[in-house]
Every structure is written in C-alpha cells, then in structure tokens.
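Whenever a hint applies, use it, and build me the whole structure from the sequences.
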Amino acid sequence: MFGKYGRVTGLVAMLALMVAASIPVGGQAAAQAENVFVYVMDSTIPELDPSIDFSNEVVVMTNVYEPLVWYNPPGSEELVSPGLATSWDVSDDGMTWTFHLREGVTFHDGTPLTAEAVKQSIERTIEMGQGASFIWWPVEEINAVDDLTVEFKLSYPAPLDLIASSAYGAWIFSPQAAENGTEWFNEGHDGGTGPYMIQSRERGQNLVLTRYEDYWGGWEEGQFDTVVFLIVEDPLVRQQMIEAGEADFTLRLPLENVETLDDNPDVNVVIFQSYQNLLGFFNTRKPPLDDVRVRQALSYAYPYDQLINDVMMGYAVQAHGPVPTGMWGHSDDLPQYTYDLDRARELLAEAGYPDGGFELVWTYNTGNLDEEQAGEIYRASLAELGIELTLQPMTWEAQWDWALSDPENAQDIFVMYWWPTYVTPYDFLFNMFHSEEEPLFNLGYYNNPDFDELIDQADALTGTDRERAEELFIQAQEMLIEDAPALFLYDEMNIHYLRSDITGYVPNPAYANVVFVYQLRR
Amino acid sequence: MPRWEYLIRRLILSVLVLLGVTVITFTISRVVPSNPAALWVGPRPTQEQISRAREILGLDKPLPVQYIRYISALLQGDFGVSVRTHQPILTDLRTYLPATLELVIAAMLIALGIGLPLGVLAGAYKGTLVDAIARLIAVACVSMPTFWLALLFQLIFFSNLHWLPVSGRLSTVIKLTHPIEQVTGFYLIDSALAGDWELFRDALVHLILPAFTLSTYALGLTIRMTRSSMVEVLQERYITTARAAGLPEREIFFKFALKNAIVPTLTVLGLSFVYSLTGAILIEVIFSWHGLGTYVTEAVLAVDFPVIIAVTIIVTVFYVFINLALDWFQAILDPRVTLG
Amino acid sequence: MTEPLLRIEDLYVRFRTDEGTIRAVNGVNLEIMPGEMFGLVGESGCGKSVTGLSILKLVPHPGRITRGKIWFRGENLLEKPESAMREIRGRHIAMIFQDPMSSLNPVFTVGHQITRVIRRHHHVSRREAWERAAGTLDDLGIPDPERVMRSYPYELSGGMQQRVMIAIALSCGAELLIADEPTTALDVTIQAQILELLNALRIRRGVSILMITHDLGVVAETCDRVAVLYAGRVVESGPTDAVLQAPAHPYTQGLLNALPRPSARRKSLQAIPGSVPGGIEEIPGCPFHPRCALADDLCRSKTPIMTPVDSSGAHLAACHLIGKSEG
Amino acid sequence: MQRWLGDIIRRNEARLLEYRRMGRAFRRDVLAVASLIVIIAFALGAIFAPWLTPYPEQGEGEPNLSEKFSPPSPEHPFGTDNLGRDVLARVLYGGRSSLSIGLMVVVIAVAIGTPLGALAGYFGGWVDELIMRVTDMFLAFPPLLLAIAIASALGNSFTNAMLAIAITWWPWYTRLVRAQTLSLREREFVAAARGMGVRTPTIIARHILPNVMTPVLVQATSDIGSAILTGAAMSFIGLGVRPPTADWGAMVSTGRVYFLGQPWFAAFPGLAIFLVTLAFNLLGDGIRDVADPQTRRSVQ
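Chain order of the listed sequences is A, B, C and D. Once you know that position 152 of the first sequence is 152 in the working numbering, the rest is easy, because the numbers rise by one and skip nothing. Once you know that position 240 of the second sequence is 240 in the working numbering, the rest is easy, because the numbers rise by one and skip nothing. Once you know that position 62 of the third sequence is 62 in the working numbering, the rest is easy, because the numbers rise by one and skip nothing. Once you know that position 233 of the fourth sequence is 233 in the working numbering, the rest is easy, because the numbers rise by one and skip nothing.
If you're looking for bench data, these hints aren't it; they were derived computationally from the structure. Be careful, since some hints might not be right.
[What the hints assert, rightly or not] Below, computed lysine-lysine pairings styled on DSS-like, alpha-carbon distance capped at 25 Å:
no., chain 1, residue 1, chain 2, residue 2
1, B, K255, C, K57
2, C, K57, B, K126
3, B, K126, C, K80
4, B, K126, B, K255
5, C, K57, C, K69
6, B, K61, B, K259
7, C, K80, C, K57
8, C, K80, C, K69
9, A, K119, A, K153
Next comes the structure, spelled out in structure tokens:
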C-alpha cells in the first residue's frame, strides 16, 4: 500500500516536471494580445476606502476616483488644473471658496455627480477622522449652493485649491456607495467617477481595474481596457518581469541596473525629480546635539558627494533645506552644507569636543538599504572626528515610539523620508519643524517661535498671495539651515520603468508613482 | 485501535497548549517596544487620532482585561482585525492560508514522492553507489540555504531558460481570462473542479519552482530518515523470513520493510509541514507567493500583534492536530502501538 | 542407496569487516536424505546458522560464499541466478528461525503473511490462498485457524507464533525445511510440542529437516543423523546414536559433558574451557587445539581430516587422536 | 560498595576503549575528516581574518566607494560589494558571526534542553507531563516567528538573534534526551545505583547524562548547520547582526537585489553558508556512524 503510494506521488512529481519542461511560458505575447496594462508594484495596497487611504493605494485611487482639482506636473503654467470642478473662486480674505462642478459626470454606480455628493464625500472623510482627513481641518462648513456649486467656509485662511488636489483624502465618491461601509470598499468595490472601476482584488496579491464605459472624458481607440496591479516584493523578479514584458510598468529596481535597463530597447527608463526627500533629525534636546555648533559640525561631516554619486548612483540631488527640488517653495539659492571635516573640527572644538569622544545612535527603518548605506558612510566619516556612530535598524513604529517616549533618552539621529500630503512647503515645514507640545513628527524637537510664526503666516497667504507665501517659506528655510536641526540629505529622483511601446506617460511627482492609465496608448 | 478517552485527553491538553501559546504571544505583544496605536492610525496621524486608536484597541485597559477580551472574541470565532491594515484577520486568512497550504502540500508531496523511494533504495542497497548518491543528495538538500537556491532557480529557469514563471500563482492574462471560483482556495483543485485545464496548467507551472525549492529541506530529511529506518528494519529477522519465503525484493523493500520504517519519515514530514507554514517566508517573498509566511512576516516587521497571534494559533492548531494524526496513523500502521 | 536431497560440498563463507575477514564457514560437507531429520550442532558462532542461510543464498552483508557447491535436486544452487533462487525459496526450501516473534512481520496479520507466500508460489485467488492457509494451520493442530489468521503476531503466544512460522514455511509444500534453533526461545513444554510437530510433519509429509541447534538434547530426541560443527568445520558426523553414545572428537565429548544428565545430577557441569575462536585469526593445525586438553604437536601443526571412527563407516570425526588412543 | 566501584571503573574503561575505537573509525571516514578540515579552515579564516586579508578595515565595515561592485579580480578574488568592500574579506569576517551563532545556539539549546529532558524522562509522571507540554508549546510556536518576535522585542543584535534561535531550539534536545533517559532508567546500572541509595541528582549527573551525551553530540553537530541556516535566514530578513558587521545571511540578503548584475556579491556568502552547513552535517553523520551505527536521528 505504501509502496504504491510512493510510486504514485513520484509519478505525479515526474509528470509535473515533464509538463513544466514542455511548456515555455508565453506571458509576453499573451499580455500584449489583451488590451491590458500591467503595473507591478513592490508593496501591498492596504486600504480602498477613499476616506481613509493614505499610502501607496494612491496608484489605484487616481485611476478610479477624481478630486475637485488636480495638481499639475512640474513645468505647467498653473499649479493646479480642473478635476471634477471646472472653475473655482476664493474670497479676498481667503476664507470662502466656491467650486463649480463639471456637468454630465456620473459615479460608477450610475448616480450623478452633484454638489450634495461632494459635500457628503468630504464630510464623511472629516467625520471618520482617519487617514489624511486632517487636510480639511480649516473647513468649517460645506454648502451645496446649487446642484453644481459647492461652497466651503473656512475657519482660517488656507489654500483650499491645493488641499482639494491632495493625493490622499480628497476623493469625491458616491455617497450611496459609501453607505456600504469600509469593509465593502475593501472587498474590491468603489464609488468613484474615474476612468476605471475596481473589478476584483485579492488581498496582498493583485488588483484588477476595468474600464468605466460612461466615463465623462469618453473613450478613444487604443486606450487600455484593463489595468492589473501586481504585487511583487522581490526587485529581482520585478526587473525580470519588465525585461520579459510581463510587466508594463515597474519601479524600485537596483540603481546599479538602471543603465543596463536603459540600454534595453524594450524598456523605457523615465527619471524625474520626486517630492520625497531623506532627512536625519538631530535630537536637539539631548547633549551634545542640543548645541547648534555640534549640529553644524555634524552637518559638515556628512560626505554628501559619496551619498549622491556612489550610494544613490547620481539618482538624487543634495537637498537645499527640507523642501524638495522642483516643488514650489524650494530654492536652489539656499545654502548647503558641504563635506568639510576641517570646518567640522573647528566647530566641535568651539563646542568643547575637540576630539569628538561621544557616541551617537542612528535609527532607521529595518531593511531600508538606502538609509543603511547612508549610515554606513556617515559612520566611517564620523570615526575620523572621534565620534562613534551606531546603526540601529528598527521597525518604523518602534523607531517612532522611541522618539516619542522621552526626548532626553531618545535616539540621536532619526532617519526618515518625507513626502507631501498635498503639495505645499507648509506640509514639510510645519510637520517636521513647527514646535509641538507633544512630539509627533517634529522628531528633532526643534523649537523656534520665530520660525513658527513665519511659516504660519506664509500658510495663511498661500491661498491668496502665493508669491509672498513662497518668499516667506524660503526665508524660514534659511533659518532652519542655520540652526541645523536635521541633516538635509537628498531629494530623491523617481525612476520608472515602462515597456517602450507604451506612449503618453507623463510623470507627476505630486501623486507618487502614479500612472494615469487613461492617458496611455500602446 | 485508538481509544476515545485518549483522544479526549489529548484534545484537552491541546487546548491547554493553545492557551499557553496565546498567553505567551499576548505577553510578548505587550512587552515588545511598539506602538499599536500608531500602527492603527497609519502614516501621518494626529495626536487625537492616536488617543482614539488607543481606546479602540483597548490599550488603555489593564493587560489581563485585554487578554480576556481577546480570548472571548476568539471563542466566538473572531480573530479581530489587523492593526496595520484594519482588515478582518479571518478574511485575510481565507486568502493566505490556502495559498500556503497549496504550496506546502505540493512541496511535501515532492519530498515524499522523491525522497521515500530514494531513501528506501539507499537503505536497501546500503553501501552501494545508489546509497552514496542518495546520501549526497540528502545532505546537500538539508544544507542548502533555500533563499540562495531560490535565486539560482530564478536565474536558471526564468531569466536564462524562460521555462518557468517565478512570480505569483497565475499569469496575469490567465487570471483575467479565467475567473476562478474559490471553492477550496487551492488553484489546482479549484481549476480541476471547474474543468478548466488551461488554468490548471498555468497554476501548475507557477507552482513548480517554489514547491521544489521549498521541498529541498524536507526532501533531504525524508531521504535520511527513510534510509536509516530502512537500514534498521532490514536487519530484522522477519525480513530474512520474507526472503526465505522467496518474496521479491521490491515487495520486501516497499511493503514489508517500509510499513515498519515509514513512521519516523512521516513524523519528520509532518513537522516540516508545520514548520513550512510560516517557514516558507523567504520562498514566498522571492516567488511572490502571497501566503501565510509573507502575511505574518509583514505583521512581525510591523509588530502587528493580532495578526501574529492569529497565525500562531493557526500554526499551533496544525501542529497539535498533525501530531495527533501522526500518533493515530502510527497506531493504525503498527498494531502493537497503543495510544494512552 | 537413494540420492541425497541436499548435498553441501566444501562450503566456505567469508565476512569482510573493518576488523578483518571472518572465516565463518571453512569447508563444510554434508548430505541430507529425503525424509531425514539432520542435526547440525555447535556453540554459537561456529557457523551453523551461516551454513543454513548459505543453502538459501541469504548470507547477510558483508558475508559471501567464496567456495563450494550446494546440490539440491541435482542442481548446484550456487550457480543459480537470484531470480531462480527466489522460486526455490519458500517453494522448495523453507526456513524457520529461533525467535518466532521477531521472525514474523509485526505490522501485518498472520493470515496476510501466510497467504502472501502462498500467492507468491501458486497462482491462486486470495480466497483460495486464505483457505489453503487455514487448512495448513488446521493441519498443524492449531485451534481456530480463522482467528489466528486475523491476529497480529504480537497477539499470539510464542508456541503459536512458531507454529505459524512452520505453517508459512510449509504452506507451499517445501521438501526441505531448515530449522534454525526453532525451540530455543520457547519454554520446555512448548519446545516438546514443536519438536513433536516437526517430527510428525517429517513422517506425514516426508519433509527433510535440517535442524540447526546448540542443544544436543534436541538432537538426541529428533535427529536421524547429526554433524558437529566447530569453527566453521564439521568435526564429527554420523548417526545420532553413534555420535552421542560414542563421541570420538574431544569437542563433541566436551559438549556432551556440558549437558545436564539425569545420571550425573550431582556432578557439576563441565564446561569446555576457553571459547569459540573469533574466526579472524587463522588457527594452524586442528582448530580445536587451543581448547583441547589432549592436544599435542601434531594437533598444533596439521589440520586433521574426517576419518571413520568405527567399522560402519558412517560415523566420522576429524581428530588426530582417532585410532591412537582407545576411543 | 566495592563491587559498585568496580563496576564504574569497568564501565569507564570500556568507554575509553570505545572512544579509541571511535577515533580510529572516524579517521577512516574520508568525508567526515574532509568536513572537519573545511570547518577548521573556516574557523581559522574567521579568527585570523585580520591577517588573512589585505583589507581588514573593509572586513570590519569601512566603505570603499571608489571600488564599488568590482567584479572578481586578482586584487578582489570574490569582487567587491555595494559599498566597495572586498567580498572575500567580508566572507572571512562574516564567518565570525555565522559560526559563533551556529555554535552558541546549539550550546545554549543543549544546556537548556538536556537537563529538562533528563528530568522528564527520569521522573516521569506530572514532571514529565509538565515539561513535555511546555516543550510542545515552544515547538508549536512557529520557530522563525518566535525568533523574529524576540529580535524585534530586544532589538537587532548578535546576542538577541542567537538567543532567539536557541529558544526555539532547545525542545528538540529535551525530546531526544527524554527518550534516551526513559530507556536508560530501566537499565541495570541505574537500578543498581538506585538500589544502593545513590541520590537522584547524582544518578542523573553520573549515570544518565554521560550516557545520553553521544546522541546529543551527534544531533548537536548536525544542528550547528541548521542553526547557521536559521541565523542566515534571520539576517536575510534584516533581523540578524547590525550593520556594518559582516554576516553571510545579511550579505546574501543585500546581494540578492544585485543578483542579476553583480552575482558575486550574493553568490560567495551563499556558497560559504552551504559549504559550512554541509560540512557540519557530514561531520554529524560521521560521528553518528562512528558512535553507533544504529543510532538514528531521533525525532519523536
């Protein structure tokens, strides 16, 4: 009986091998035969509720939902352009915003887009209070003036056009669909107005979109019928998939391989400035980093060129303060620290540490190779100043928890990335450097009332006098750079890989790693 | 034959082991430096959102109260929700568990299908070339870092030869054109039930590389274990009796001897099976096979304890029942064994 | 004179081990007549079991038959291929062992084991095989054969297990039964029953039996003829009565002295000094000389050959002392 | 009492003779001797790494970005890594953490598992039941999961990784030793000692433990290999040693990303893991064959 069993399983294994050997896999040909766009991503899509989503769901949501206003790609004349709203006005005091809605738009459940739907969408997001709902904090009241006119009354002046273009928390959805609740969304349903509808979703594995025939923009020959998001954690596999044509789009491949892929005629490499940057907060509440001279010394001790050229392979630029290159509010005229160990030694000596002689802990996200390598080269450099740097990988939550628990005993350098919820310098400056009673994201515990006042004032002007606001933001950054509450490491570039037969791709850093499939043709 | 009181006693003990495991996990979950509330609220929370999350998660209550709340929900079949994704864990498990089971069972069948005959032959022809080769394969299999082997497989079978896919459970196109009805969650079985052979074939070719990679360690163990039990059993007098009665060697090895020798092999396979439920993490990641391993690794890396506890419980249940099944099976195979 | 059923000529078996080559059997000669019960006696390690296994060509690894012929029904078994041997084993020559418990496969029922052997050698259906097995058991005087056949070996007594073994051995109608210490592990009353059973079988079915034992008492009770084995050689052979009444070889004498006899109850048992040689060292001369009180220079240098002890010519012994001193 | 002493002496003599025989037999086992040589070579390589490589500072972690990802060459036989460090130097230094993780895990696991197993087997009853249920709990707990939990609880460090693996490992020894003890308990010399009134701890220490050490040793040798594998797997998912300390698992993990373009980075440390694990397994087999050809890996 067991002999037989053994033989049977052996046979099955053999058969499997034979079958496998005889069928080469024809993924490429098949993928092109269907009118399918395959986006291979590196991590899961956790949340599909449009009131809650706040991470890489954005690549899905932007194809399914639409906001009132879109933020434009860099190089455009205006910052924003019409989405579901065709035009908008703001009162002189910046306290009342009126949006005029597009006509003839329907949600995927067939109900029409109305001012009431907009009001209910945003109110649901605010009431749920999750995800990026805080972007609506300035809003006191939403009124449906008529069927296609919405009025927002604010409690303090704020740039509601920018807020409405947020990549998170600004979606307009069918209030009827929303009544089904969060779980319903997460089962693979949606209530958007966008060109595609969610067809199915397998948690942690894939998500499939299908064309919404009644999309207000209409459909033309050659646009994609189906969009598939596949989750493939392994960069090696993603690379193999884009090379083999099993993927039409992917990202986050080893920087060392960019050139090889660029040489591949089947793959188109798109490189552009992102709105994400890497910083290392200095713990300004803990000696010796409470001394500005030490912080400046440490800023001079960072080998920026090595970081940019050797670690990042040139696919990043050294930061000028916290607002990333290419974004409004950024200025290339702002000063930068350069790698200058002599200057660092002088400053350390002034501060009373001529031979270094202290230890620092650098915490970073477990498994993040860039943060790790950034630490490794810093470690070697600081060793020359007699400073010992310990690299401590931690989960984000643990790292954060440590920083929030007790500043006096927290890590010395907290390394993290920042990207904007909606595109304003205030997002960077307020969150990371505005003083806080209890630390939240000001993880260097920087406290400077002058700075606070300056950026608050700039924010209030953003909706009405953007030029003045930008000046104030730049002025505030100058202050920061002088005080050196953080290492301003680099502004990252995004590197996207597309099959070269895909046309129409325009990267937009305001919506991180998003591909607007509606715009594409094969 | 197994007795009922034995079964009941074992079940009660199993429940105690399960409770013990939940207590340990639960305790670990509260001493590990993490911030479940922060995890709950997502990337850019406000202070308000955090304190609300603490209430929702019951973190403001004393530890025993939290534990009792958890256990009583569990008894009603509620594993709770993931702190990180807010998804009901039960729903997640329904996707991930079958994926992992399909992979692990395939791997175990490969280990059994190749390892058992090889081990029997090696034991039967101890000291010969067959034996030497089998032992070499076995020791190489147990020494092989699977993640490394997976890389080599990828490079050879996908990048160079283009024979086998390396990612996921189905190709994209097949997935789109062949909607699959989830009956068991095992693609091979579901597609066979539906009579969709194209889907079946696609699922099969996707299964081959990960299953073979995962099977290596179990394969090595199976060969070694079967071989040494066979060597031992073949020295028994009753084998000489069988030979003296003129029975063919094949039957002696694969039936007379194997029935005596198979229990240790099944035991290691059973334990490998349980181990692989979460131990397949690396293989799951490398082959984008989204199963229990990936699920729990992500949970562990984010310190998402409800998920960790739930998976631990599932795995413990498997462990307990597989042990029970093994004992039972041994009693069926060997009438001398009495349970109790 | 009838042809012998089995004739072993000049059989040598060697075991090659790490420690050296063990000479287990060194030129054994013997003949077994049809219907005869032939005793092969010796201490443990003398090569008697290996001789028995050699007949079936089942010498365990790393042993090998290096020389000799084994004639069975006019054919030399040693020249037969393994496949032909398998036809002979169980069908024509069967074997039973000392410990019936370990000789039966513990995980199959008795019935399964018997019917399997029957079906191996006869083209019969399962049912027929089952009935035939039951018949054999019944023939062996086993009460309730159906119940026994449905039992696992461990559920039976030692005597019953040995009967089952005999049933397996004889179920296919073998002409020769090799019984390797068939009663050693059993208690006295059961021993007697089994011996009686074997004897009855021999008479009723005409089966020849090679009785391998260390127990001269068993030989005395059952065997027609006997051969005494020492260090892989036959040192004395002949009709049982002759050998036991008038042992010619000092070793046989020693064995007999070690036997508890009713007549010598008061006398303490006289064991042979020393022990059976390991078989690795080659002993020059008579293999028994290191333990022999009577050994002289000749014994130490020249190996004795089998010579007739008395006028009948049937009783032979390999000892230089034969004919010298009065025996 | 004297007979008793004599017995002990005789048994010790017998054991000594047995060891001599084992020594002889072992030397005849070519594979086992070769494995021992491989292990010693790796160990020496790890210990004398600073003198064996021209780039000791790179072995310890100093970046050398100007030579980033040089393919294998006479200067860098194994090439260089993502920070330009000599991969050979990193592999030599990596042996320090990998080998000591393997060794220490097994030592800790044996130290916890053996006495517990002896207690369970010797006393039986509720002691046995209790110890075995605790063992069950630890066995039921997914091993990598427990290890990961501990590592993330106590932070990534060499010691924690080691501790974490050891905690998932000891129950195997408890089971093994318990099974051995159960049969030893019934043997004459133990019964005799008990009859003589020898105290229980003495019996366990003098008569039980020495006699279970052979199977434990055999098991432990093979397990060093598996422990190295587990350690490597932990490093692979980023829970092993802290950078810039070299570790084979961590190197494969980082190097994996570059496997298509710069295969040497992951290949050599992977090979090192494979070779050392293989050597320990073969050595374990060799010891097993020599110590007792009948012994088999006891699982139950």
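* Proposed proximity, K57 of chain C with K255 of chain B (alpha carbon, max 25 Å) -> Holds. K255 of chain B to K57 of chain C sits at ~22 Å (cutoff 25 Å).
* Compare the distance between the alpha carbons of K57 of chain C and K126 of chain B with 25 Å, and conclude whether the hinted pair is satisfied. => holds (19 Å)
* To do: Quickly compare the C-alpha distance for K80 of chain C and K69 of chain C to 25 Å and report which way the hint goes.
  => holds (11 Å)
* Taken at face value, is the distance from the CA of K80 of chain C to the CA of K126 of chain B at most 25 Å? -> holds (24 Å)
* Distance restraint between K119 of chain A and K153 of chain A, which requires alpha-carbon spacing of 25 Å or less -> Distance ~12 Å between K119 of chain A and K153 of chain A Cα, so the pair holds.
* Asked: Does K57 of chain C lie within 25 Å of K80 of chain C when you go C-alpha to C-alpha?
  -> Given that 25 Å is the threshold and the Cα spacing comes to 10 Å, the pair holds.
* Within 25 Å, alpha carbon to alpha carbon, are K57 of chain C and K69 of chain C? -> Status holds; Cα separation ~11 Å.
* Measure nothing beyond the straight line between the CA atoms of K61 of chain B and K259 of chain B; if it is 25 Å or shorter, mark the hint as holding. => violated (56 Å)
* Asked: Can the restraint linking K126 of chain B and K255 of chain B be considered satisfied, given a maximum Cα separation of 25 Å?
  -> Within the cut-off at roughly 18 Å; holds.
In summary, the structure is inconsistent with hint 6 from the numbered list given earlier, while agreeing with all the others.
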